[in-house]
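Peer 1: Residues per chain are reported as follows:
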Amino acid sequence: MSLLFTGVHLVDATRPEPRRDAWVLVDDAVIREVGHGAPPRAERALDLGGAWLLPGLWDVHTHLRSTTWTGRDPVRTLPETVLEQGRNAMDALEAGVTSLRVVGVGGWADVAWRESFAAGRFVGPRLFCCGDALRTTAGHDPFGGARQMVAVDGADALVRAVREQILHGVDQIKLITTGGIMGAGHDVMSAVMFLREELTAAIRIARQRGLPVAVHATAAEAVKWAVEAGAHSIEHGYLLDEEAAQLMSRRGVYYVPTLALSHLTRDQARTPDERAYCAEHVLPDGFRARANRFAPDHDASFHLAREAGVKIASGSDQGPPREAALLEIELLARSGLGAHGAIVAATRTAAEVCRAADRLGTVEAGKLADLVAVTANPLEDIANLRKLALVVKNGAVVVDRRRAPSP
Amino acid sequence: MITVLANANVIDGVRADVLRGASVTIDDGRIALVAPGGNQVPSGARVIDLRGAYLLPGLWDVHVHLEWPRVPSATLAELTVQYAENASRGLVESGVTSIRTAGVPHFIDVALKRAGESGRLTVPRIFAGGWFLTTTAGHALGTGFAKTCDGPMGFVRAIREQMEAGVDHIKLNLSGGVFGPSWDRHWHSFLLTEELEAAFTICRQRGYRVMAHATNPEAVKAALRLGAHSVEHGYIMDDDCLALFRERQAWYVPTLGITHLTPAQASTEWEARWVERRGLTADIIERAEDAAPEHRAWFQKALASGVKMALGSDLRPLRDSANLEMELWVKDGATPRQAIAAATRHAADLCGAGDLLGTIEAGKIADLIAVRDNPLEDIHHLRSLLLVVKDGRVVADHRAAAPGS
Chain A
4 MSLLFTGVHL VDATRPEPRR DAWVLVDDAV IREVGHGAPP RAERALDLGG AWLLPGLWDV
64 HTHLRSTTWT GRDPVRTLPE TVLEQGRNAM DALEAGVTSL RVVGVGGWAD VAWRESFAAG
124 RFVGPRLFCC GDALRTTAGH DPFGGARQMV AVDGADALVR AVREQILHGV DQIKLITTGG
184 IMGAGHDVMS AVMFLREELT AAIRIARQRG LPVAVHATAA EAVKWAVEAG AHSIEHGYLL
244 DEEAAQLMSR RGVYYVPTLA LSHLTRDQAR TPDERAYCAE HVLPDGFRAR ANRFAPDHDA
304 SFHLAREAGV KIASGSDQGP PREAALLEIE LLARSGLGAH GAIVAATRTA AEVCRAADRL
364 GTVEAGKLAD LVAVTANPLE DIANLRKLAL VVKNGAVVVD RRRAPSP
Chain V
-19 MITVLANANV IDGVRADVLR GASVTIDDGR IALVAPGGNQ VPSGARVIDL RGAYLLPGLW
41 DVHVHLEWPR VPSATLAELT VQYAENASRG LVESGVTSIR TAGVPHFIDV ALKRAGESGR
101 LTVPRIFAGG WFLTTTAGHA LGTGFAKTCD GPMGFVRAIR EQMEAGVDHI KLNLSGGVFG
161 PSWDRHWHSF LLTEELEAAF TICRQRGYRV MAHATNPEAV KAALRLGAHS VEHGYIMDDD
221 CLALFRERQA WYVPTLGITH LTPAQASTEW EARWVERRGL TADIIERAED AAPEHRAWFQ
281 KALASGVKMA LGSDLRPLRD SANLEMELWV KDGATPRQAI AAATRHAADL CGAGDLLGTI
341 EAGKIADLIA VRDNPLEDIH HLRSLLLVVK DGRVVADHRA AAPGS
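Line order of the protein sequences matches chains A and V.
Residue numbering for the first sequence follows our numbering, beginning at 4 and increasing consecutively.
Residue numbering for the second sequence follows our numbering, beginning at -19 and increasing consecutively.
Derived from the structure by calculation, the hints contain no laboratory data.
Careful, some of the hints might be misleading.
Claimed, not checked - Simulated restraints, written as ranges between beta carbons of each label pair:
no., chain 1, residue 1, chain 2, residue 2, range
1, A, Glu97, V, Arg184, 43 to 53 Å
2, V, Pro49, A, Met4, 28 to 38 Å
3, A, Glu167, V, Val51, 14 to 24 Å
Unchecked claim - Residues of chain A clear of chain V, computed beta-carbon distances all greater than 10 Å:
no., residue
4, Pro21
5, His284
6, Glu310
Bear in mind the structure is a predicted one, so any value in this text is a computation, not a measurement.
Cβ atoms here follow ideal geometry from the backbone N, Cα and C, with glycine treated the same way.
All chains, please: the whole structure from these sequences, using the hints.
Peer 2: See the structure below:
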């Protein structure tokens, strides 16, 4: 079926200037043509009355959590956790997030939901899955010793663990090589927790099998090791130095800074949405103190990466993704990318991180029709992304808020 | 929010006649008013004109396993997602608003129940039983939902684990079945007397109902004497069984589909399609067909003799289950009204929810379905589903897709 969107201002994520009074013709799942002036015929036409049309939004660093890092999660069975994660993904689509990269959930819940959403059995976003996030014993642990993450020690064991992820159908491999903000005690960011041969072995087998590797690395040394070993993306990178930034840039490694992790505290919250989030999703004091302490370093690292020309993608590492994805985009805009740069980070570059840029991430003929329409210009105020009118996934309208819902 | 379902022919599950041209007012998830003729519509109410469609209580299936499809290599996460899909489709596509589970692995049923109750997932109301408890060399061992227990304490411990995980009742397997290997036949009883007594004792002591799989006279009587709340299957019984059912006021859930749905017995397009998709092996078909005449006879005797009976299918997927089983009840001699009562009012009573669910009466929770044609004339008319309402919320609206509506 052909579906025509008329009366739109297009922010297609390929150029900074919007294309005004445009139309977009979708045929089944694919964008057939984009233009302005007299629109072509279509079986169904939707006049969006001056709405702003963008590529569907992405969050490339999510764990499908329901809230922020609380130190200890409620005790649940795996099925309960799986259902909660699926719901959180479905809620994200309702907010205009049409794709997520899931960088660590247990039991391959991400793969199970990816298939369900892809087949249309439940309506949810596209998922790009990492399966288990692999770490070492005494590695990063945001759960206070609850052993909710897989720990693997030794190069051989890591090769086997990577193969096990591949067997279960993941799209990428996620390695956690240092501590993080949401950790305590031994969980420091300065030390590299993987042995060099462990890191090299894990990345080598992943690359040999054609899977990109996302590496949680905070300290500059860890980032350099990861990049040298062949990482596809660096997650967090709170403590970059010039050399690490240059190396990432030179090797074309993506940077997913997860600004939300250090900036979303009640002490730093600046916008009403940030304040509301921090009031509802409360960090334990220890985590909050670490976030506040590392935020300036994080900002400095982010600027180093930008200066060096590193490609930056939007990933929140916060939950729930329906809120976190937008908060991260807003933080990226405010921290120096500007509105258009933040949109690109959450669309085109995000699709590149997921190796899906050939079919997703921009509004161009030939791409799959994952789109959002908002009622006000997001280039003037990035918070206008919240004024959602329409969400289209794979050519189908999945959310339509153009009229107030009937009672 | 107030919703009025107007111009409905109401089969309320209480009175004998159809309440024609009535309207049902729903306020905050509950039925506020059932009024003959058009009642005053409160201002701001949402009015849904049913145009003479038949409004019934939502359907129940009190013998459900949720597995569909059965994939041996599936991860627990995949099973969870598949079960969620199955449950959701049963509600949306067939109007099954409540189920009682009869054996589900890893407490996926408890997880789905909680997700449904918190409003996070649109699934039927679930009365959860967790694992199917049997013995080593017991029944349903190849299904993935059976947990084997041996010795009285083996059963007690497993039952306590079920309670801790949040089940509503305990599913206990006393005897063999139609589906199974050669040493698992429905005339075999599995548990030692002391195992049975221990299992029933801990359930009684903790106030949990036992849902007893019992398929031969010895097992049925043992279950009833020890205090089973419901007996499932009862393929072979005797007159003493029926007397005991009545004496103990226990429930009988016949699961006709297990013996009746074979290629030779299928007599409707829906039965034929289901049988074809199910792809039963020749030996199971033979076992089912051998068991069917006696099963039918005891179903008919139980129905005629006033045994309390509710509708449970043991069929999958959920979207086919209740409809097929109700149709088989009618095929075996029940009236459509009896089949509908078994799948609504009696099912709710069986689950201990009869004060809140199962009929269309003021004060009850608004779990409702609307069908285009009169199911009292032909039970297959339940398939002309137009609307599904759960907790007062329209969870499925098929009116645009339904021909002739």
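Peer 1: The structure should be examined with respect to each hint, and the outcome stated for every one.
Peer 2: Right, here's what the structure says about each hint:
| no. | hint | verdict |
| --- | --- | --- |
| 1 | Glu97(A) - Arg184(V): 43 to 53 Å | 47 Å, holds |
| 2 | Pro49(V) - Met4(A): 28 to 38 Å | 29 Å, holds |
| 3 | Glu167(A) - Val51(V): 14 to 24 Å | 19 Å, holds |
| 4 | Pro21 | 36 Å, holds |
| 5 | His284 | 17 Å, holds |
| 6 | Glu310 | 42 Å, holds |
Hint violations for this structure: none, all hints satisfied.
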